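**Q** One-letter residues, chain by chain:
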Amino acid sequence: MTRKYIQFLHRNRGKVSFLMVLITAALGGGLWHLTYPNLQVDTSDDLFIETQNPELLKYRQNVQEFGDDRFLIALLEFDDVFTPENLAILSKVSTAVERLPGTKRVTSLTHEPMYRGSGRTLEAYRIGSRPPGTDEEASRLRQAVLDDRHFVNHLISADGRYAAVIVRTWPHIRAVQLDYLTKRFKDVFKLEAPKVPVHFAGGHLQTVELHQAMLREMKRLLPLTALVIGIFLFWIFRTAAGVLLPLGLMLMSLVWMFGVIGWLGRSLTPIDVILPTVLMTLSTTYSLQFLTRLSFYGDCEEDPVTICENAAADTFFPLVLAQFTTMIGMASLCLTDIPAIRQFGFFSSLGLFCTSVCLFTSLPLLAFRVRVGTVTPSRTSGWMKSIAEYSQMFYRNKGRTLVFTFGLTLILSLGLLSLRVENDPKQFFKEDAPVRLGFQMLEKHLGGALSLSVVAEGGSPASMKNPETLRAIESLQAFAADQPYVLKTFSFVDTVKRLNRAVHSGDPALEKIPDDHLEISQLLLVATVGDDPSHFDRFVNYDYDRSRIEIRVENVSSPEILALADRLNAYIRENWPEDLKGYVTGDLYMACRANQAILKGQIQGFLGTALGIFLVMWVCFGAAKVGFLAMIPNIAPITAVLGVMGYLGIRIDIATALLASVALGIAVDDTVHFIVHYMRNIRARPQGRLAVREVVSGVGRAMLYTNAALAVGFSVLLFSEFEPVRLFGFFMVIAMIMACFDDFVMMPGLLGWIPLVGIWEWWQIKFKSDVTRGIPLFLNLSESQIKKIVSLGRMMTIPENWPLMQEGSLGDEMFVILDGSVSILKSGRVVTRLGRGETVGEMGLISEHPRSADVLVNEETTVFAFGYEALERMERRYPRLATRVLHNLSAILSRRLAATTELLR
Amino acid sequence: MALVDANLGPADEVSVASLLLIHPNGQQKRWRIKTFYQRAPENNMGAVLLRFLEPNDLNGMTLVSINQPAGENYQWLYLPAFRNPKILSESGKSDYVFGSDLTYEDFVPFVLDDYAFETIREENLEGRPAQVIRVTPTAETIKSRAAYDHQLLWVDTERLVLLRADYFDTLGRLFKTSTWSDFYRPDGRHWRARRRAVFSPLRPHWTEMTFEDVQINRNLPVDFFTEENVTSLR
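One line per chain: the protein sequences are S and D, in this order.
Going by my numbering, the letters in the first sequence line up with residues 1 to 905, in that order.
Going by my numbering, the letters in the second sequence line up with residues 906 to 1139, in that order.
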C-alpha cells in the first residue's frame, strides 16, 4: 500500500506539487493576520483557570461590578513633592494620563478627593483643581496630606519624596490595547516630566512586559532553532539537500499552522511561544526517520522512486503511528478546562497534522528530485554495534536490568513528593529587570503594586450602611494590616471615616465609623460629590449590599499569597456576623489559584496522553500488553524528570506544566519505532534477543538521531529570556535523554519479561487457518484446545546443521516442526526428511525410550517442544484433551510403524 | 437664544424629578428630588435648591447652589443626620451632582453675554424643526469653570426649548450628551420636557430624569435660599 502510494505520488507529482503550493499560498495568507497588531499574546491569568471554576465566575462578576483590580503605577521621585512646581508636574501628568484611551480612572495626590472640614466649611476637592500657588500654601498642604492616612504610603511616601500616579483601566482593555496604553503612559512622563526619575510597576505593566517579551522571544527563538537544527542536519548528512529538505518541510508546516491560526484570528497565550520550537523539532525528527532510510537505500539503489518506495515502506507505518500517538498526546491537552492549555493542545495538534500532511506528500516529492547524501556509517556503526550487543545483553539479563532501571526511576521519582506548583508572573523576569525593580521601589516607598480583593456581601440592599457591617470590615482591615506581606488596605469605610471627621470640623477623634446608619448613608452620598464619582464605584455597589476591600501586598510567591488569603478567609468565617459573608478574590488571587488548575491540567493531560497512546498501540497491534509496554519506558523518564525537579526545588509553572504531556507524546515515537520493527523481526525470527539486536542495529541509529535532534531542538529554549521556558527546554532535553536510555536499556529488559509474540501468536502467524488442519498431532482439535496445548510447551529455534536429537540419548520431549526441516539419520544414513507440521521424538514422550535415531536440522528450524511433564499436566487439567492428543499420537506412531515396516520389506 | 433663555429661565420654577442613575455594569440607583430654581433679576444670575425626597435615608438632604456674579458657586449642604448646614467647597469645574450625570451648569441659566453663539445648520430632530447652535464661552470666569470647551445645542425654534445638547471637552471629545423629550405646557404657556436623558460617554454613565409637578413663576420669596430655609424646608 505504501509503495502504491509512492507510485501514485510519482505519477501525479506535478498535480500534487501544484496542490501543495496552492494550499501553502492560501494558508500563508493567514500570516498577514498575524502581523502586528493582530499577533497578540494574551497574558490574562484567567486563561489558566477552568472556565467554569466557581471562584473564576465570582471573580468575573466582581470585575464587572467593581472594575479591574489590576493597574499601572508610575512612581515619581522628587526632592520634595510639596512644591508648587512639583505639584503642577504631578497634576499635569495625571491629567494627561486621564486622557489616554482605555483609562478608566487616574488616582494621584492631585487627582484624589481630599476631605477637609473646619468651622462651617466642608471641603471635598481635588488638590489638582486648587494647586498651591506659594511655598507656604504648599507647606500647609503637606501637613494636611501627611496627616491623612489615606494618602500616606498610597499616593505619597511618608517622607513626601515619592508620589504615585495610578491608572485603572476598563476591564476589556487587554493585550495589544494594553500594550498601546502602557506605551503612551510611559510617553506621558517622558514628555511632561522629563527631568523626574520615574519607576513603573503594576500588574498591567507586568502583563505588558510579558506580552512584549513573548513576541521578542518568538522572533528570536524561531531562527535560532532553525539554525541549530540546520547545523545538526549538516553534521548528519553533509549535503545541502540533507539540510534544506527537513528545513523546507519545517517551514511549510509552520506556514500552514500559523496561517490557520491567522485565519482563525486567535490570540496566542504565553505557553504558545514554545509551539514553533516544538513543531520544528518534531518535524525534524520525523524527516530524519525517513531521510536516514532514504540515505540507506540510496547507497544500493539508483532509481529515486524505488529508493523512496523502500524508505517509505520501512518508515511510513511507524511514522504514522508515532505522529498519531504524539497528536493524541497534544490533543489530550484539549481535555482540560483551562483555556490556555486547551488552546496549546489544539494548536500543537493542528501543527502536527500540518507536519504529517507535508511529510507524507512534500518530502517524497522532493526526494524524487534530490539525493540527501549518505549517513557515514563509519561514524556511528561502531557505537551501534556496541549498543545492539548491550541491548541483547539487557534482554537476556532482564531481571537485573529491570531492577536497576526501575530502581533508578523509583529513587528519582520520589522527588515528586516534594514537587510544588508556582505561577508567579515575576519569575519570567530577571532579578534586575526594570519591571521587578519598579515593584521593589513601590513596595519600599508606597503601598505596593499588587492587591488582593476581599468582597463583602451583606445579603440585603443598604446592608453596607449598617454600622456593624462597617465595623466588621474595619476589623478585617486591622487584622490584614498585621499580616506579613500586607502593605496597605483600602475600603469605603476609610472614606466614611474621613468624611465623618471632615463634617465634624476636622476633629481627628471623630475619624471613626458613625453609630447611626443615617449618618453613614448621608456621608456615602457626600462621597460621590466631585468631578469623578467613579472613585467610589470600585469599593461599594449602587445597592450598598456588596463592597470590595483592597489589600495591597508585596510581590511574593503564590503559596505565600494563598496562605495569606486562607488566613483572611478564616478570620472572616470566625469573626464576621453571620449575615455578612466575605471571601478573598482578585486578579492576583486568581493567578495564584491557577496553580491548582495547572496541576490538574497537567495530570489530566498526562493521563489522557497515556491512555490515548495505550489504546492506539492496543488497537494497532491487537494486544493490550503492547500498549502497556509502550507506556512504561516513557512514563518512567517523565516521572523521573518531575522527581528531579522536585529534588531541585523547581516548581511546576505554566511552561513546565506541559512537560509531562508533551514529553510523553514525543518520547513515545521512538518506542513506537522500536516496537514496530521488533514485531517485524520477531515474526520472522521468534527469538527475542536476536530481534532486539536486529532492531537496535537497524533503526537504532535513526532513534539516536531523532533523540539527538529533539535534544538539540529543545536546547534552543535554553537561550530564552524566561526562566520557565529555559527550565522547560532543559528538562525536555533531560527527558529525551532519559527516554532514549530507557528505550535501549529498559525496553529490551521489558521485552524479555513480557514477550510480545508468544508461542500461540507465533503459531497463528505461521499457520494461520492451517493450525487446526496442517498438524497431525492436533487433528480434530478445536482452536481453543490447541491453544491449551501450545501454552504448556515451548518454542525453540535451532541453527542449521545442529542436532535436535542423538541416537541412544534419553529424552522425554517430542517436537512439532513449525518452520524449516530436519533429517532422520540411522547409522549416518538419511532415513527420511520431515518438514513443517510433522512431529519427531514421540517415542520419548510416551516411553522414555532412548532416542532411536539422530535428528539433524537441515536449515535454521523452529520447533515446538512438548515434554512428559507437560503431558502429565495436561492429563491432570484437561484429561479429555489429553486422551485426544494421545489418540492422535497413537495414530501418528501407527502410521510411522506401518511406514517403517513397509521400508524394511 | 434670548427667547429660548427667557422660556427656560423664568423668574422661578419648582419641580419634582425622578432620577434613575445607570452604571455601565447595569447597576441602578433611584432618587426623587425636588428642585427649586430662582433667577435673580438684578444680575440675571440664578440659584438652585435640590432636596432629596427619596430614598428615605437621604430624605431632607439639601444642596443649595447660588451662582455668584464673580462666577464662583456658593453652595450649602444640609445633612439632616448631622443637623448643621455646611458650606460646601468643591473642585468646581465639572463637578457632578452626587455622582449623577448632571453638573451644576445644568441648573443655572446662560448669561448670554458670556457666550458666543453661532448657528451651524438647521435640521429636523425627532420630527421637530431645530437649529444647531454652537455655543462657546467667551467670559474668562466661565471658561475657567466650565468643564466643556463648547456645546452644540439643538434648539426647537417653534417651542423655544432645547431638544439636545452635546458637550465637548478641549480635546474635542464628546463627554456629555443630553436629550429632552415628551414636551408639554405645564402652565399653558411655557414648553417643558417630561423626560430628559443624560449620557456621559467617557464615564460611561446614564441618568434618566422624569419631571412632574412643574410649577413656573410661583413667586418664591427673595430670601428663599437662606440657611434657615435650607434646614426648615418641607
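Everything labelled a hint here was simulated from the structure, so no lab data went into it.
Certain hints may be false.
Stretch by stretch, here's where chain S covers chain D in the computed footprint (C-beta under 8 Å, at least three residues) [unchecked claim]:
id	segment
1	922-933
2	1054-1064
Partial pick of chain D residues on the chain S-facing surface, computed with a CB cut under 7 Å [to be verified]:
id	residue
3	E959
4	L993
5	A1070
6	D1092
Computed from a predicted structure; not experimentally measured.
Glycine included, each C-beta is placed from N, C-alpha and C at the ideal position.
**Q** Quick check: which numbered hints come out false for this structure?
**A** 2, 3, 5, 6
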